[in-house]
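Protein chains in written order, with the working numbering: chain A, 1 to 415; chain B, 1 to 86; chain C, 1 to 998.
Hints were generated in silico from the structure; no laboratory data involved.
There could be a bad hint or two in this list.
Computed list of lysine-lysine pairs in DSSO-like fashion (alpha-carbon distance at most 30 angstroms, straight line) [stated by the list, open to error]: (1) C:K95 <-> C:K384; (2) C:K137 <-> A:K267; (3) A:K288 <-> C:K279; (4) C:K517 <-> A:K288; (5) C:K137 <-> A:K2; (6) A:K267 <-> C:K25; (7) B:K83 <-> C:K279; (8) A:K267 <-> C:K384; (9) A:K267 <-> C:K517; (10) C:K95 <-> A:K94; (11) A:K2 <-> C:K52; (12) C:K25 <-> A:K153; (13) A:K288 <-> C:K95; (14) A:K267 <-> C:K52; (15) A:K2 <-> C:K133; (16) A:K267 <-> C:K133.
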Amino acid sequence: MKYSALNLVRNALTGNRNWTPAWRSPEPAREYDVVIVGGGGHGLATAYYLAKEHGIRRVAVLEKGWIGGGNTGRNTTIVRSNYLWTEASLLYEKSMQLWEGLSQDLNYNVMFSQRGVYNLGHTLQDMRDIERRVSANRLNGIDAEVVTAAQLKTAIPYLDTSPDARYPILGASLQRRAGVARHDAVAWGFARAADSLGVDIIEQCEVTAIRTEQGGVSAVETTRGTIRAGKVGVVVAGNASVLASMAGLRLPVESHPLQAFVSEPLKPVLDTVVMSNAVHGYVSQSDKGELVIGAGIDAYLGYGQRGSFPTIEHTMEAIITLFPIFSRVRMLRLWGGIVDVCPDACPIISKTPVAGLYFNCGWGTGGFKATPGSGWTFAHTIAQDRPHELNAPFDLERFTTGALIDEHGAAAVAH
Amino acid sequence: MLLIKCPWCGERAETEFSYGGEAGITRPRDPDALSDAEWADYLFNRTNPRGAHEELWNHAHGCRRWFGAERDTVSYVIARTYKLGS
Amino acid sequence: MQINRLSQGGRIDRSKPLGFRFNGKRYQGFAGDTLASALLANGVLLVSRSFKLHRPRGIVAAGSDEPNAIVQVGSGASTIPNLRATEVELYDGLKARSTKGWPGLRFDIAALNDRFSPLLGAGFYYKTFMRPKAFWKHYERFIRASAGFGAAPQRTDPDRYEHCNAHCDVLVAGAGPAGLMAALVAARSGARVIVADEQNEFGGALLSASATIDGQPAPDWVATVVAELSGYEDVTVLPRSTVFGYHDHNFLTLAERCTDHIGERVQGVRQRLWRVRAKQVVLAQGAFERPLVFCNNDRPGVMTASAVSTYIRRYAVCPGKRAVVFTNNDSAYETALDLRASGATVIVIDSRSGGAGALGAAVRKEGITVLAAHVVTDVTGRRKVAGVRVAQWSGDVTARVENTIRIDCDLLAVSGGWSPAVHLHSHSGGKNVWEESLHCFVPGETAQACVSAGSGNGKWALDACLRDGRDAGAAVASRCGFEAAEVPLPSASDTAVNEMQPLWRVPAVKDPDRCPKQFVDYQNDTSVADIRLAVREGYRNVEHVKRYTALGFGTDQGKLGNINGMAILAECLDEDIKDVGTTTFRPAYTPVTFGVGAGENVGELLDPVRKTAIHEWHEQHGAPFEVVGQWHRPWYFPRGDEDLHAAVARECLATRNSVGIMDASTLGKIDAQGPDVVEFLERIYTHNVGKMKVGRCAYGIMLGEDGMVMDDGVMARLAENRFYLTTTTGGAAPVLAWLETWLQTEWPELEVYLTSLTETYSTIAVAGPNSRRVLQNAGCSIDLERESFPFMSVRSANLAGIPVQLFRVSFSGELAFEVNIDSRYAEQMWRLLMQAGQEFDITPYGTETMHVLRAEKGFVIVGQDTDGSVTPVDLGMNWMLSKDKDYLGKRSLARKDCLREDRKQLVGLLSEDGKTVLPEGTQLVDDTGAPIPVPMCGHVTSSYFSACLGHPIALALVAGGRARRDETTFAAMQDGTRVPVRIVSSVFYDAKGERQNV
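One chain only, chain A, in its complex shape (with noise of 0.2 angstroms):
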């Protein structure tokens, strides 16, 4: 059923009882064209543009629990695009462009909100980098502008802006089209699109084995039986290494519980959204009133899906040095995720040393903006066979060659 103004309006006349689900919860089919391994935001993307963009649309996605409920839904939902390296923002250009029209896409209000990013310059180095990375954005067509702190002090007026701060802010650079979505509709609104294209989704699914045929890839096992495919596309975030070792694998990568949390829901008070890498925090206001607040990662390997409680105090302390009024509200609930990091702070999109098996991860802390982008060229890796332009620099190889993106400037803390 289409959503519409219109069509909240007839169902509210008939109590609400017409809607339909917006996806099925189908039986497995005993054979797909590609099976995808994970069911958050980049698995679902992955799967709607392979129905898409490549009419491929025997295609299971496979979750061991819920749909979104990995960091698609323990993300602080920032989207931007000004990464420092051309390979790494054109990719999330590329993202961002889908981000712009995707309610319109997927028929689903993901309520993409470009209010705007401030990544804030605290000494003459960050100054340094922040031109540079504004520099190249513009050359990329990106839209970026370096701004001083005066300016800062009139579009943000709660920020500490004060000379003699511990780590005074002498400027900014600042993306006007990027901002924040709603993490958990993009789940569901991919989930839903997908799934009205034929795309089987099939929660509670786990994959236990990845099975190959002379060098190929010919199914999976799973906790709901067997499953036969050609083509499958890993792409279960934290959990990427378990899913390699299946197939005889090793990642480079490594996963790490990364936290945030929310406040109780305040009046509109912070318009935009704030970072800041020498301080270590970054900030945004939910629609609903919440402070949302990443922090940075925890520095020991953990599966956990939480971090070590210091982590969330040194958040609190960036937090309340950049905005002082913030110290007397309060945190409601705090949380954690699994994130893979790369050495180069950079991802994985890549066909593996298996025939037809394929690999999206080593998103580190920055994966929910680029959750359209990643499906999109994902979706064009696995039904091609061959990387799309856009993510041709981010394969397996770059680790041997020593071709690596090094985005530690522009994702330092987290994003």
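Given chain A's structure and the hints, the job is docking chains B and C onto it.
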């Protein structure tokens, strides 16, 4: 916050330590004899297991010694810590 | 007028009246009141509006489970948003207001939402506001404005917060009957105990209980136990302290509220974070009473039965005169008795056909009517309860019912049974299991060293709670290695109860999608119809339902409504509740301020500031400071009203023409010695360390294993087996850690000792053609002439009578000396050198001039001219790379990508107009007409106006740059213009290096 037993100093809070990643990765004796792929495996690939993990910790704000630990990456329970080479 | 205040009883102090304001109106309460009890005493029922539908709402609960009474307390910088009125202790002069309702609480325009509620079902916003596309930002502005509760203060928090660390044998969370017994046993066993409770007084439910313990009123027993506990030296008693998080390895976090109950702007620490590492934990946080779910169950005047009892017994407030008690279990019968004793009329509606056990008889004895096998289906009244509609009910949940009776009332006390507070158990990693006989989730197997006790463990009766607490206390004490003390079980009255009847959704006269709203989660307006809609639309997992309907997303985090919601979900799915499961609880148990989480470490205490030993002199001479990591370094030394550029030009010229002096103390310094030090350093640095002679210095770079430049600095060989290493300012700590890591983990066979000297020694650089004469003027014990003290060598000496380590190195390209000196004498030495240099107009300079001077010479700064993706080959330092040995990172340099000819390489740039100082960071393009995306060939890493050369200079990383000497490329300026620049050598000044070698 983890409670970590430094083999020299005893149990201390996690904030006294720094993490050193997977233990047991030995630097190749003759790097020039390795292919680029083999060198990349040493440089970047990690076991990254879900479950028992042998890893390195440094008592950075204490005795500054490195030591080994076996920790579960899901439950975070530390089964043991040990002096390197023991 | 405190119209609902009882003339006697309660734990309030009637001799201490307290004035307060709510929504601008003056009221009076008493010491011992909460804001909620005081409002109820004054007959204020309407306290808020709901989040989405803006329905009028009143106080429902008496503790941290309150969903409705969310208020803003205080004003100005010390205002506090989103407090629950039930948790705000009253003080004289307290000001509070509702956080919802515009223009006012009684008349709220957005209450129209309620009229359109069929349009505003779960997830409605996902289905609309999509067109026109550009309009979302306008919709959003409207949505944002109508969302949120309280407001953040608009000024900086004036209060202080602190952290404190504690260790104990036993931490007891919750000081009700079970917690107190557990603490008592553990304390008597000799354990170190911390017992914490979120309330101002210990006792929990006992403070409002009618029961007796050991023959005395329950609160008296509490007082006795608390007195004993307080007497132990090793017992810490923490009221107003919420255990809000149970983390790994038995680490728990407590937030203690020290002053909020006294008033605003009170001296002292406002809140304290206790970071507790406990050997054992007793979880005894009690249980929450569930409301019942029926039509219009959110009207002001509908309260949980236990809350009504609490207001009557603890606060001497009877919230109504004509009460209906609606229950599916025995506990609410106590409330009926409490109401009766307060003079209210009471009718009990019991869903069970058999009614209550022993309490049933007690109630009837008081002449209270009990309607068994009946349910309340609907509530009349809008801003407050006017009456209830009651129907007979057979116990069939799917049945439609017919209303047969209407009862006028002004208070409806409801009880749907109890849910243990399993939150902390869940934080600790323990699972919660559905206990069918109790109709609730109870703590399952523990994941850490803890035990649950009391009603939090599914023990409802008082004697059972006391026993459970005693057993828990004994268990944890003995686990800690103590012999558990024998503590006799206090005798408590025990009443026979009849089993509760599960009743998750009261049948209505219409079907659940069309009947008036049956609320499950009050704060978010989540109703039965919303849950049904979610399931209908395929959101079947409990987490999906939670996220789609916002069930449990309120500030009470579902304490009140979650279990009902999950049971209703189970009904929709036709599954058992145990299979539906529960959502995961996350810290914080109740919200905690960012302030207490951050403690003292905010503002200027966010990060330590490091200052050099000469800092004061710089300050006295007007230097602005540059923040470099934790260090504050003098940036430049303005004379008069000079700006940065004027000062730097003067400092540069002075240094090149005569002599300058700079404080280089922040450079990292490491003493490395031991029999294997040469072998060790050979493996770390790229050059041949072994070839260095004693007394000589060398420039060294170290690479990461990925072949990228990690750090650089001058090293000196002080003796056969002793080196003095310097690092960049930012590299001091990481480099030492890096060296130690290799020594300890990879090469333990090497005997090398590393010591940081960064703060032990200060470094004063004296640079310029007159530098030698300055040192001679100061009185130097050694011959400074070239023949005996050549460039790149090191000597021990006495300078002005003070022992120093003297380096003849140069970061400016001039004749220069670096004086390394014990930091205690550094400032004195600085002054002596200033004096000695007076005749040459010795000029202090800061980091900016240092940068210009080194850029003129093409010396790189790691971290500015490199970014972690630059190899030594890219920097043109092939000569630094030994071919005779292996070193860290060497193998990586042979990878395909590192051998590319078109890698970005360090070059110099000159603006062709001879004027433009390129902004650092500016990207370079070759094709000025290229369409977007424009290919970039490099970027500017350093850029200055060189006063000495009379034109701007820049360093840049340019693809294949070394082969492009004298070619033109273009700097892409922010304003869109393209400035032509010529690629030149990175050495702009004294290319042959003669000036430093004189």
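* **Hint numbers not upheld by this structure, sorted from lowest to highest** => 3, 10 and 12
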